[in-house]
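Those sequence lines, one after another, are chains C and W. Take 1 as the starting number for the first sequence in the UniProt record's numbering and just add one per residue. Take 1 as the starting number for the second sequence in the UniProt record's numbering and just add one per residue.
No wet-lab data here; the hints were simulated from the structure. Quick caveat: nothing in here was measured; it's all calculated off a predicted structure. Among these hints, one or two may not hold up.
To be verified - Subject to a maximum C-alpha distance of 20 Å in a straight line, what follows is the list of computed PhoX-like cross-link-like pairs (lysine-lysine):
1. C:Lys175 / C:Lys211
2. W:Lys202 / W:Lys221
3. W:Lys139 / W:Lys119
4. W:Lys119 / C:Lys292
5. C:Lys271 / W:Lys87
6. W:Lys144 / C:Lys247
7. W:Lys165 / W:Lys213
8. W:Lys201 / W:Lys139
9. W:Lys10 / W:Lys39
10. C:Lys303 / W:Lys152
11. W:Lys153 / C:Lys288
12. W:Lys213 / W:Lys197
13. C:Lys303 / W:Lys197
14. C:Lys288 / W:Lys152
15. W:Lys153 / W:Lys201
16. W:Lys221 / W:Lys153
17. W:Lys144 / W:Lys202
18. W:Lys68 / W:Lys39
19. W:Lys201 / W:Lys221
20. W:Lys71 / W:Lys81
21. C:Lys231 / W:Lys221
22. W:Lys213 / C:Lys247
23. W:Lys165 / C:Lys231
24. W:Lys10 / W:Lys119
25. W:Lys81 / C:Lys292
26. W:Lys152 / W:Lys201
27. C:Lys303 / W:Lys153
28. W:Lys81 / C:Lys211
29. C:Lys175 / C:Lys271
30. W:Lys64 / W:Lys119
31. W:Lys2 / W:Lys165
32. C:Lys375 / C:Lys363
33. C:Lys271 / W:Lys81
34. W:Lys81 / W:Lys152
35. W:Lys71 / W:Lys147
36. C:Lys231 / W:Lys10
37. W:Lys71 / W:Lys2
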Amino acid sequence: MKLFTRYNRINLVANIAVFLVASVAFYFSIRYVLVHQIDEDLQIEEDEITAFVHEHNRLPESFSVSDQVIYFIPVSQPVQRRFSTVTMTDKEDRKKEDYRRLVFGISTTGQNHQAVVSKSLEGTRGLLRSILRVSIVTILVILLVAAVLNRVLLKRLWQPFYASLKAVQNFRPSKNHSLLFPSTNIDEFNAMNETLEAITKRSRLEYLSLKTFSENASHEIQTPIAIVRSKLDLLIQDEALTESQSKTLQSAYNAVEKLSRLNGSLLLLAKIENRQFEDVQRINLKEKLQEKLEDFQELWQDKNIAVQTDLQTAVVNMNTELADILLNNLLSNAVNHNYSGGRIWIALSNDYLRIGNTSTEAKLDEEKLFQRFYKPSAGSTNNGLGLSLIQQIAEASGFRVQYRFQNEQHEFEIRFHPATK
Amino acid sequence: MKILVVEDEKELSQSICDYLSGEQFMCEQAFDYRTALEKISLYDYACVILDITLPGGSGLDLLKDLKKDDKIDGVIIVSAKNAVDDKVNGLKAGADDYLTKPFHLMELGARVDAIIRRKAFDGKNILRFDALQLDLNQKELTVKDKKIELTKKEYELLLYFISNKNKVIAKNAIAIHLWGDNFDIADNYDFIYTHIKNLRKKLLQGGAADYIKSVYGMGYKFSLPA
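Using the sequences and the hints, build the whole thing.
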């Protein structure tokens, strides 16, 4: 939920609650005032009746007009003076109406009377309704104006925030573009922008130094590896080696091979990140894949792997060398993690390349899948850079890699035109 | 035939010379630009193995000198730089081949052999080894006037063996030669064994002797049977 949607919601609820309570209080206070007003009128009427009785020593005539009814009832007991609200039915139109009534005792010569003076509350109610109507409309207008104002105002006020957010979202330490933060005259946003700028600058510098380091390091490692390898190449020429010496030599040989391969992959990753493969060409992937399939044919035969292909024409824009490495890696992967007598299937279309294989290995962890040196099984002999390379190449070429695991089968899909965003 | 190794890394230079010496090759070394320039202008070499980054100058400049003097020496560049651009630059400047470090000495041997063959046989592209006769253009093998069908990989393997005859060739080197550097094939080299086995069978069936000897699981040696 957006900050100002949330703010607006809370604001609205609070406002409505306040206005509701205020309206109720308002209603009752107005009502009280109006009823009090009528009560005063009734008292005036009482005073007039009392004055009349004093003067004439008889009761005035009972009479009723539209909103006032006066009548007298002879009683034996003295009457308690009291105000009350009653509902009476109009004789003419039989409408029920609320009346305010004052009952008091009055006595003429020898006779006690109960005087009842009633005044219609209809007028009061009408007034009350009008007042309420006006206030409700006012409240609604106020709420509406507040909501619209908040929306427009907050949106405008938070504009720099969203602009900064967008800039940071698009930030990649590997890309050489400085972040542009909008200038604003709000202190908080300025402080935030300054912090963001400092952080991104630092992360870019750190990234660069790390990249330079790893590139230089793996470059420097090449020479010693070359020397060790050449010395081993010479050593194995020695006819006088015993079998156990040979075995020792072979392990050293394999280790150097592994190191060299690892180093090569790291160097390649650094180069991809370094954007040294910017030279993009239109590549007929089908032809390239068919060449590779021929190369791999013998490996598959050797492992007794059944290969199923469904190749359609696919032309993509990418670097030739990277295309080579990508296909090699995907195909090697499908062989390396397969078992004897397993299956590999390859489907190519203009939108995707899918390569799947049977394997005894469990589902790969999708979170860590493309991380460098991720090894699903402890005894894995590969260096854990293969998938990372696939991912990096795909990213550099604008593709997307997806991994699926179903029925003990692993499948990788490269989407050539992933939907934007 | 003389070979010049221009490489500032003395250990590596020594290894290369040790490996290539013997057979028909004589090896000379140059560890810096000046020495290399001097040797190139004074003598003729069948092949120059050239590192690009040298103390005192660039290997590419040496290459230009070689081409300017119209010498026909074959040149193999060995470099730690493996970007396509570097390779293209090197080959455009007149090198015959480009090998990235780290490489196997057997691989270098095979490439030197190929260059010398190309220079020496000038159009005649028949390679002979004992009873074997390889037509390098047609990529065909004939044993005692009988053609033997080889797969592409088997042919390459045989050529690789002949280029490094009498040397022990590591399985790793064979794998890299046949499938290239970036084939990430697990440590399992069984598939090489299958290839060797098939090649051996075809040679024997064709009436040739058994030239391939396995060396303790480390690799293979291709030579005339004792």
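Checked hints:
1. With a CA separation close to 12 Å, the supplied pair Lys175 of chain C and Lys211 of chain C stays within the 20 Å bound.
2. For a cut-off of 20 Å, the pair hint linking Lys202 of chain W to Lys221 of chain W stands: about 17 Å separates their Cα positions.
3. At most 20 Å may separate the alpha-carbon atoms for a hinted pair to count; Lys139 of chain W and Lys119 of chain W meet this at roughly 18 Å.
4. Of the supplied pair hints, the one linking Lys119 of chain W and Lys292 of chain C is violated, its CA atoms being roughly 32 Å apart against a limit of 20 Å.
5. Restraint check: the Cα-Cα separation between Lys271 of chain C and Lys87 of chain W comes to about 16 Å, which is no more than 20 Å; the hinted pair holds.
6. Among the hinted pairs, Lys144 of chain W with Lys247 of chain C is inconsistent with the structure: their alpha-carbon atoms are about 38 Å apart, more than 20 Å.
7. At roughly 11 Å between alpha-carbon atoms, Lys165 of chain W and Lys213 of chain W fall within 20 Å of each other, so this suggested pair holds.
8. With a C-alpha separation of about 19 Å, the suggested pairing of Lys201 of chain W with Lys139 of chain W holds against the 20 Å cut-off.
9. Taken as a hint, the Lys10 of chain W and Lys39 of chain W pair is honoured in the structure, with Cα atoms around 17 Å apart against an allowance of 20 Å.
10. For the hint linking Lys303 of chain C to Lys152 of chain W, the alpha-carbon distance of about 19 Å falls within 20 Å, and the restraint holds.
11. Our distance criterion of 20 Å between C-alpha atoms is met by Lys153 of chain W and Lys288 of chain C, whose separation comes to about 18 Å.
12. Using a Cα cut-off of 20 Å, the hinted pair Lys213 of chain W and Lys197 of chain W holds, with the two alpha carbons roughly 11 Å apart.
13. A C-alpha spacing of about 15 Å is found between Lys303 of chain C and Lys197 of chain W, which places the hinted pair at or below 20 Å, so the restraint holds.
14. Distance check on the hinted pair: Lys288 of chain C and Lys152 of chain W sit about 17 Å apart at the alpha-carbon level, within 20 Å; holds.
15. In summary, the hint linking Lys153 of chain W to Lys201 of chain W is supported, as the alpha carbons are separated by about 15 Å, within the 20 Å threshold.
16. The straight-line distance between the Cα atoms of Lys221 of chain W and Lys153 of chain W is roughly 18 Å, inside the 20 Å bound, and the hint therefore holds.
17. Between the alpha carbons of Lys144 of chain W and Lys202 of chain W the distance comes to roughly 13 Å, so the proposed pair stays at or under 20 Å and holds.
18. For the given pair, Lys68 of chain W sits about 15 Å from Lys39 of chain W by alpha-carbon distance, which is consistent with the 20 Å threshold.
19. The hinted pair formed by Lys201 of chain W and Lys221 of chain W meets the criterion: a straight-line CA distance of about 16 Å does not exceed 20 Å.
20. Taking the CA atoms of Lys71 of chain W and Lys81 of chain W, the gap is near 26 Å; set against the 20 Å cutoff, the hint is violated.
21. Taking the CA atoms of Lys231 of chain C and Lys221 of chain W, the gap is about 18 Å. The hint holds against a cut of 20 Å.
22. At roughly 17 Å between alpha-carbon atoms, Lys213 of chain W and Lys247 of chain C fall within 20 Å of each other, so this suggested pair holds.
23. Only pairs whose Cα atoms come within 20 Å are accepted, and Lys165 of chain W paired with Lys231 of chain C is accepted, the gap being roughly 19 Å.
24. Distance restraint check for Lys10 of chain W and Lys119 of chain W: the Cα-Cα separation of roughly 28 Å exceeds the 20 Å cut-off, and the hinted pair is therefore not satisfied.
25. For the suggested pair Lys81 of chain W and Lys292 of chain C, the alpha carbons sit about 25 Å apart, so the restraint of at most 20 Å is broken.
26. Taking the CA atoms of Lys152 of chain W and Lys201 of chain W, the gap is near 16 Å; set against the 20 Å cutoff, the hint holds.
27. Straight-line distance between C-alpha atoms of Lys303 of chain C and Lys153 of chain W comes to about 17 Å, which keeps the hinted pair within the 20 Å bound.
28. This hinted pair checks out: Lys81 of chain W and Lys211 of chain C have alpha carbons roughly 17 Å apart, not beyond 20 Å.
29. Proximity of Lys175 of chain C to Lys271 of chain C is assessed by CA-CA distance (about 13 Å); at most 20 Å being required, the pair is judged to hold.
30. Restraint check: the Cα-Cα separation between Lys64 of chain W and Lys119 of chain W comes to about 19 Å, which is no more than 20 Å; the hinted pair holds.
31. With a CA separation close to 18 Å, the supplied pair Lys2 of chain W and Lys165 of chain W stays within the 20 Å bound.
32. Proximity of Lys375 of chain C to Lys363 of chain C is assessed by CA-CA distance (about 12 Å); at most 20 Å being required, the pair is judged to hold.
33. Taking the CA atoms of Lys271 of chain C and Lys81 of chain W, the gap is about 11 Å. The hint holds against a cut of 20 Å.
34. Under the criterion of a C-alpha separation no larger than 20 Å, the hint pairing Lys81 of chain W with Lys152 of chain W is inconsistent with the structure, at around 29 Å.
35. For the proposed pair Lys71 of chain W and Lys147 of chain W, the alpha carbon gap of about 38 Å is over 20 Å, so the pair is violated.
36. Of the pairs offered as hints, the one joining Lys231 of chain C and Lys10 of chain W holds, with about 12 Å between alpha carbons and a cut-off of 20 Å not exceeded.
37. Of the supplied pair hints, the one linking Lys71 of chain W and Lys2 of chain W holds, its CA atoms being roughly 14 Å apart against a limit of 20 Å.
Consistency note: the structure conflicts with the earlier hints numbered 4, 6, 20, 24, 25, 34 and 35.
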